[in-house]
Amino acid sequence: MSSRLPTGGTRLDRSRPVTISIDGQDVPAFVGDTLASALLGSDVRLVSAGIYSGRPRGVMGVGAEESNAFVQVTSGPGEPMVRATELEVHEGLSVERIAGRGWLPEGIDHTRYDKVWAHCEVLVVGGGEAGVTAALEAAARGVRVVVCDDRPALTDARAGELVSHPDVRVLTRTTVVGAHDHHHLVAVERRTDHLGDDAPPDVARRRLWHVKAAEVVLATGTQERPLVFPDNDRPGVMLAGAAATYVRRYGVLPGHRGVVWVAHDDGLADAVALADAGVELLVVADVRTTVTPALADALAERGVPLVLGAEVVGTDGDDDGFLYRVHLRGPDGVVVHDVDLLAVSGGLNPAVQLWSQAGGKLAWSTEAAGFVPAAPPPDAAYPLSVVGSALTGATGAVTAPATFFCGDVDDADAARVYLDPQRDATLADVRHAHLAGLTSVEHVKRFTTIGTASDQGRGFGVLTVGVLAQVLGRPVTEVGTTTYRPPYTPLPFGLLAGRDRGALSDPVRVTAMHDRHLAAGVPLEDVGQWKRPWYFPQRGESMHDAVLRECRAVREDVGMMDASTLGKIVCHGADVGEMLDRVYTGLMSSLKVGKVRYGVMCSPDGMVADDGTVARLSDDEWLLTTTTGNAASVLDTLEEWQQTEWPDLDARFTSVTEQWAVVALAGPRSRDVLAGLAPDLDVSAEGFAFMEWRDATVAGLPVRVMRISFSGELAYELHVPAAWGGALWDAVASAGGVTPYGTETMHVLRAEKGYPIVGQDTDGTVTPVDLGMAWAISPKKVREGRDFVGARSLVRDESNRPDRRHLVGLVPVDGSTAIAEGSQLVDAGADLAAVPVPMHGHVTSAYASVALGTPFALALLDGGRDRLGEELDAVDLRVPVRVRVTEPVPYDPEGERRDG
Amino acid sequence: MLTLPCPFCGPRDETEFGYGGEAGVAYPERPADLDDAAWAEYLFLRANPRGWFTERWVHRAGCRQWFTVRRHTVTNEVVPDAAAQEVR
Ligand SMILES: [Zn+2]
Numbered sequence: 000m001s002s003r004l005p006t007g008g009t010r011l012d013r014s015r016p017v018t019i020s021i022d023g024q025d026v027p028a029f030v031g032d033t034l035a036s037a038l039l040g041s042d043v044r045l046v047s048a049g050i051y052s053g054r055p056r057g058v059m060g061v062g063a064e065e066s067n068a069f070v071q072v073t074s075g076p077g078e079p080m081v082r083a084t085e086l087e088v089h090e091g092l093s094v095e096r097i098a099g100r101g102w103l104p105e106g107i108d109h110t111r112y113d114k115v116w117a118h119c120e121v122l123v124v125g126g127g128e129a130g131v132t133a134a135l136e137a138a139a140r141g142v143r144v145v146v147c148d149d150r151p152a153l154t155d156a157r158a159g160e161l162v163s164h165p166d167v168r169v170l171t172r173t174t175v176v177g178a179h180d181h182h183h184l185v186a187v188e189r190r191t192d193h194l195g196d197d198a199p200p201d202v203a204r205r206r207l208w209h210v211k212a213a214e215v216v217l218a219t220g221t222q223e224r225p226l227v228f229p230d231n232d233r234p235g236v237m238l239a240g241a242a243a244t245y246v247r248r249y250g251v252l253p254g255h256r257g258v259v260w261v262a263h264d265d266g267l268a269d270a271v272a273l274a275d276a277g278v279e280l281l282v283v284a285d286v287r288t289t290v291t292p293a294l295a296d297a298l299a300e301r302g303v304p305l306v307l308g309a310e311v312v313g314t315d316g317d318d319d320g321f322l323y324r325v326h327l328r329g330p331d332g333v334v335v336h337d338v339d340l341l342a343v344s345g346g347l348n349p350a351v352q353l354w355s356q357a358g359g360k361l362a363w364s365t366e367a368a369g370f371v372p373a374a375p376p377p378d379a380a381y382p383l384s385v386v387g388s389a390l391t392g393a394t395g396a397v398t399a400p401a402t403f404f405c406g407d408v409d410d411a412d413a414a415r416v417y418l419d420p421q422r423d424a425t426l427a428d429v430r431h432a433h434l435a436g437l438t439s440v441e442h443v444k445r446f447t448t449i450g451t452a453s454d455q456g457r458g459f460g461v462l463t464v465g466v467l468a469q470v471l472g473r474p475v476t477e478v479g480t481t482t483y484r485p486p487y488t489p490l491p492f493g494l495l496a497g498r499d500r501g502a503l504s505d506p507v508r509v510t511a512m513h514d515r516h517l518a519a520g521v522p523l524e525d526v527g528q529w530k531r532p533w534y535f536p537q538r539g540e541s542m543h544d545a546v547l548r549e550c551r552a553v554r555e556d557v558g559m560m561d562a563s564t565l566g567k568i569v570c571h572g573a574d575v576g577e578m579l580d581r582v583y584t585g586l587m588s589s590l591k592v593g594k595v596r597y598g599v600m601c602s603p604d605g606m607v608a609d610d611g612t613v614a615r616l617s618d619d620e621w622l623l624t625t626t627t628g629n630a631a632s633v634l635d636t637l638e639e640w641q642q643t644e645w646p647d648l649d650a651r652f653t654s655v656t657e658q659w660a661v662v663a664l665a666g667p668r669s670r671d672v673l674a675g676l677a678p679d680l681d682v683s684a685e686g687f688a689f690m691e692w693r694d695a696t697v698a699g700l701p702v703r704v705m706r707i708s709f710s711g712e713l714a715y716e717l718h719v720p721a722a723w724g725g726a727l728w729d730a731v732a733s734a735g736g737v738t739p740y741g742t743e744t745m746h747v748l749r750a751e752k753g754y755p756i757v758g759q760d761t762d763g764t765v766t767p768v769d770l771g772m773a774w775a776i777s778p779k780k781v782r783e784g785r786d787f788v789g790a791r792s793l794v795r796d797e798s799n800r801p802d803r804r805h806l807v808g809l810v811p812v813d814g815s816t817a818i819a820e821g822s823q824l825v826d827a828g829a830d831l832a833a834v835p836v837p838m839h840g841h842v843t844s845a846y847a848s849v850a851l852g853t854p855f856a857l858a859l860l861d862g863g864r865d866r867l868g869e870e871l872d873a874v875d876l877r878v879p880v881r882v883r884v885t886e887p888v889p890y891d892p893e894g895e896r897r898d899g
Numbered sequence: 000m001l002t003l004p005c006p007f008c009g010p011r012d013e014t015e016f017g018y019g020g021e022a023g024v025a026y027p028e029r030p031a032d033l034d035d036a037a038w039a040e041y042l043f044l045r046a047n048p049r050g051w052f053t054e055r056w057v058h059r060a061g062c063r064q065w066f067t068v069r070r071h072t073v074t075n076e077v078v079p080d081a082a083a084q085e086v087r
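Those sequence lines, one after another, are chains A and B. Using numbering that gives the first Met the number 0, you'd call the opening residue of the first sequence number 0 and step up by one each time. Using numbering that gives the first Met the number 0, you'd call the opening residue of the second sequence number 0 and step up by one each time.
No lab work stands behind these hints: they were computed from the structure. Just so we're clear, the structure is a prediction, and the values are computed from it rather than from any experiment. Among the clues, some could well be false.
[Stated by the list, open to error] Using C-beta positions, here's what the derived DEER-type ranges look like:
1) Ser384(A) / Pro6(B): 50 to 58 Å
2) Pro522(A) / Gly61(B): 47 to 55 Å
3) Pro6(B) / Gly91(A): 53 to 61 Å
4) Arg782(A) / Glu40(B): 35 to 43 Å
5) Pro6(B) / Asp618(A): 53 to 61 Å
6) Cys62(B) / Glu555(A): 46 to 54 Å
7) Arg45(B) / Val507(A): 53 to 61 Å
8) Pro6(B) / Gly593(A): 35 to 43 Å
9) Cys62(B) / Ser439(A): 43 to 51 Å
10) Cys62(B) / Val507(A): 21 to 29 Å
No residue lacks a Cβ here, since even glycine has one placed at the ideal position from N, Cα and C.
So that you can see chain B by itself, here it is in the shape it has in the complex (with noise of 0.2 Å):
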């Protein structure tokens, strides 16, 4: 089980969390001005790295904040994200 690093509660088990995928994968400003292929993209390809990856976890059973963490796909290392105090 991993032990994440909730920025407002400290570290808590991942059982505690939801997972929340990719981070920085902005809502578009204006989604009507996107083809399909471009809002097809934003709503289902997602990065797959094997390596550090920057993902989204939220505290549910806890605070209910999203954060960023950033992930290593191989080890599970998990490190805060310090670029990424801004929710996303």
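So here's chain A without its partners, still in its complex pose (with noise of 0.2 Å):
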């Protein structure tokens, strides 16, 4: 039997019928129609489940506060747990029955989600009467208004001059979900959901707007709240202003055989719409033992009897339990009525979860019977007020309504009292809180996790904090409720990424010559967001093997790199040289121009903040290079110590590190290969020292050759502007035997010659000293009493302990087994049974090495400088392999090899 009226429902689209499913079962419906409108007019009360009890639930609110009617959408993209009241039809579609948890959908979601950012002088959450005259008056100051209305349109006579106002931004199907701090707003606009696979391709689904106002009116309305009694969650069971809506939106009889009970006016009101509609009313009963005549009146010309001073203390439900029968005891006793409807409202909440959210107070009103705003929010810049029912609950009541929540109800029937339905929490559960001393509305909560479910307690936050206050037999004014908190409405994690997923997460860094390296088929190394060739496999060749073959050229031939990413920061100033010796631990002021000075950074602390180059360009114009990870921290702390500490030194920095490409050339055939190529270049060991730089034509672009190496072998860096960076690497590519090589490989050399990497063999507790580089620390400079960010920090007693940890080299005894980066340093023989086993370091690099002929590692070791020669197991998944500690620099320990 349909319930579907023949005329009637104001969001209805009767030219436009379609067809859905519930598990399966086809149900006919109309363009406009809610999934909940849609099954009560066809009279399928079956939405869900208890999630414990299994206990059938039907709709019961038609809207956000809505607490049993969540289903899984399975058509389209699917979506768990979605509002039936909330979510509109559309022809195909499909959702499925869920027992109080759904499921995330298969695969990955495709639809497309978007960001907008606002700004607009006044934000209206609501376009409801208040929420409309409230956007016209600030449009009427010409300042920019946005609206906010969840509904699919405005239904206000004034909608039309409001949509059209040029300053005046109307978004419907959008849900006002966050208020945080200055008048940050979070809104959820639904685009496309409605319209199926009738979706623009080119919208999209949803949009997560950011709205900044300097002002927000919240004309949020009431949500309405429930009564409850023994076995009050039966489908059949419904709140009296949500059953009267569907009636007047979607021409939809909620019920045919009813009964009504209500606390307050509007409940009245709704009585008298349903009768109108055709519900046949057994009976109206009001808990109070007063009301407005009026509705009175309008009740008994419709032949309805009205009972004051009734309360229902049961229903009785059918083989499947559904709602079949309704006991309500009035001043006569208790009468049972054969109904299908049961419409209940204890009363209006105003909406005020935006206004809690923001830090407004809330104060229970009796003349309301709801909480209702009180002391704003306590950021006064940002101003938030409310208009409408949102402040008041009531909407023209003449008699004012009961603050009544739960009759008397037995211990044996008090687990049937369902305070929250989708947690299957119920009236027993707060008794058993409050047996258990807790008395905190907030501990309440949390014991029985009422409020908890995706609806927040939207449906029965208001009512459990009234029922708690009668078993505490607290007033209600006293039990205060709990704090809302963002979201309003559950939002999925999809739109918060918008379209930062995928290759759009994270920024991708890539050098001039990256399109070399993809025409190479270069396995690339994530290094930070930059993209860098790891190794240059040749055919067939595995990466151990490609690394071994690019480490040998190095050492015995040449090799070339791009070393792009390098941080560089260009520094101007007549100050730069006392700045410079102020941050770095060395001396940087008498660098002559064409000279290149290596340098260590500490943090105020002591401790190793990034190494690099120093290369002086002019008398007052410097070139720093940084490690690629600290590139934009070395310049952030650069700016810092300027701006903050020294205002008074003459020094300016700018990065330049895409501005400028890098090709390194190492080896010792690599003097060769640059005479070749910079005919014009004294390269001579005495014309072009190591660490000196000369500006020079490289294959016919103009260079900064600098002379320096990471690999211990005579090696240079071509610096060129970025546009001829990949013309640059073609033209050393193509000098003649030149073995490119890539991250790895730069890693064992450097490690070959026990080089640390700042933030591998660091981690911010390392000094220079522990490094065994305390010849990076200016002697003058110390001699002189003159400080560096640091200084201080290092001459502290616990800075030079003995047993502080030292990095040292390591190698396997047996002169095979290959160390694991991260091995922890035990005793050798250390029983790895015996927990806590002793621990004196770690390794923070590991590497096969071609030019030791054996695995060696770099290891932080309590007071390694020390303990040179001695035995120890490095232990990585429960396996030790037996080291011996040696020296940091394994390889050329004297340095022999950089000069070629």
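Dock chain one against chain two, each of which comes alone in its own frame, and use the hints as you go.
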């Protein structure tokens, strides 16, 4: 038997019938229906089941307050836990019933989600009468206005005027879910969910709006509150206002024979509307003993009996658990009514969630019989106001509503008084919480889980506060509410991500030679946001073999590497030298034009922060290089010191990392290759010494050549404006016999020389002295008592304890077993079962080495420099490798190779 | 998200800024003259008030200038620090 009325339904387009399905059963509907109205319109009462109890559940509300009717959408991309009352139907919509819990759809959601930022003077949340009035007033002042309303369209008669106003943006199907600090409001706009397959492909399914508003007006209206009693969760028990709304909006009769039980005038008005729609009302009951005469008269005119001072004390269900009988206790005792609808309404809660989120306080109002906005949020710079029924609750009531939540219920029945149907939590749980000694509403919420489901207490939260007050024997004013937190309604992670997923989740940085690397099919390593060539395998070659070959080429012949990702910072100003003396441990001001110096930077706590080179380009122009990963933070640090501590120093800093491409040329034959490419450059050891730079024409390109080595071999860095990076790469690659190598080989070569990588061999607890780099601290500065960042920390006794962790080398005693990075260092032969095993340090870098003929590692070891020759076990995944402690410079410790 | 008043660019979203902690913690004139306790205080100890707090921000994704504001640590009210036109 259909419950669809032949006419009516303000939201329906009866000319556009559609078919939807629930658990495979076809259900007819019209465009404009929600899933809930479509199901009610076809007498489909069962929508879900209790998560623990398995009890049948139906539609109870009509909007965001719904706490029963959640379904799994299985058509389109699918979505779990969707409120049937807000799910707009479309042809092909398919859902499944769930028992309190949905599931994530399989696969990747490829639908488009967008983010939008909007700025306005006034944001109005809610497009009802009060919201439209506030928006029009603001628009009349000539300021930008945004109006958000979660319904498909505004129904106010002035909506057209508002929508067409040039300074007003009206967002429908848009729910404001968060009110954050400084009027940052977040809203979800549902653009195509209601269109199904008809959704235009170029329109994002949903948009996440970030709205910054100078002023926010909440016109959020009210949410209906139920009354509770034993077996209050049966399909057929609905909110009275929701029942009347199904008639008005959707032309749906929510039941045929019914009882209405209310505590306020609006509920009585809903009863009149239900009677007019054709519901046979056996009785209307009000907990109050006095009601507004006009409403009593209206019921009398329709032949509907009104019983005052009455309450529902229970219901019976049929074989399926659906509502079948209502037990109503009036002044003359309990009367049982055969019904298919019980419409209840305990009051109208002002929708104060956003007010509370923003920091506004709430207070119980006896006049409104609900929590209303009280003290405003404390940040006066961001005014938040509330208008309409969200402020007062009542919508023109004449007789005050009752503060009533639940009648007397025996303990035997309390477990069937559902206070959070989605959590299957009951009055018995609240009484249990009380017996356990809990009195705070926040504690009871967590103990009982009431209000923690996906409706977040919108349906039953205030009612539960009232019930708790009854249990505690205290006035509801003293119990207070829980704090509302974002989001008001759930939002999907895909929406939060927007376009920032897959390739767009993080910027990708590539060098000027990247197309060459791609063409060569080189495996790339992610280094921060950079894509760097990892190694350059020849046909069929393993990574291990390729790295050994590349290492051998650099040690014995010549190799080339794309070093463009080096951080590069240009410094200008008369005081750059002084500035660098203060931030590097070494002395920089004495550096001559044309020279390069290695430098270590510490944090004020004395720990190594970065290392790199300093080149003096002219009297007042310098070029710093940093590690790839620290380029941004070194620039930040320099600017912070200069701006906040030494504004008197004439020094300015500019990142040129992206502006210059760099090819490193390394190996004993690198001088010959450079000479061939730059015939005008004096490359002799005397004419171009180690740690010097020259401007030169290399392969016809303007190149800054630096004689710097990160491998210990004779080596050069060729810096060229980025636009010529590819051309320079090609020229060096064509010079004959130059072996390209990647980051892995670079790491092996530098580790063989004991060059630490800041951030790999250091971790913020390592001083230059710990690294064995006391030589990098300027003795002149120390002698003259000149300060530099970190200096004071480095002279603390703690910084000079002999048992500090030092950087050392390790080799396997058997000469062949690989050592794993991250291995823990323990006593040789330590019993690994006797936990905790005393630990002396850990391995920071480990490689195979063709130059050493053995695997080797760098490690941080307690008092390591005093333990050379000692044997330890390096333990990885419980497997020990016997290692011997060595100098941290395993290869060419005398540095004889750097001149070729 | 906070809106922060960059003195050079005007009000901008918090995501453009970096946080610099308590303002007015000057680098000691002569660190070498401090004993370990005084140096540790400079390095590690900062006020953590409930209420108004003068703090530093840097407009990292903007003009890259450091500036000082006063923020209420309970309400997140932020006002420009008129007394701190000198950056520190
Ligand atoms: Zn700025």
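In rising order, the numbers of the hints this structure does not comply with = Per hint list: 1, 2, 4, 5, 7 violated.
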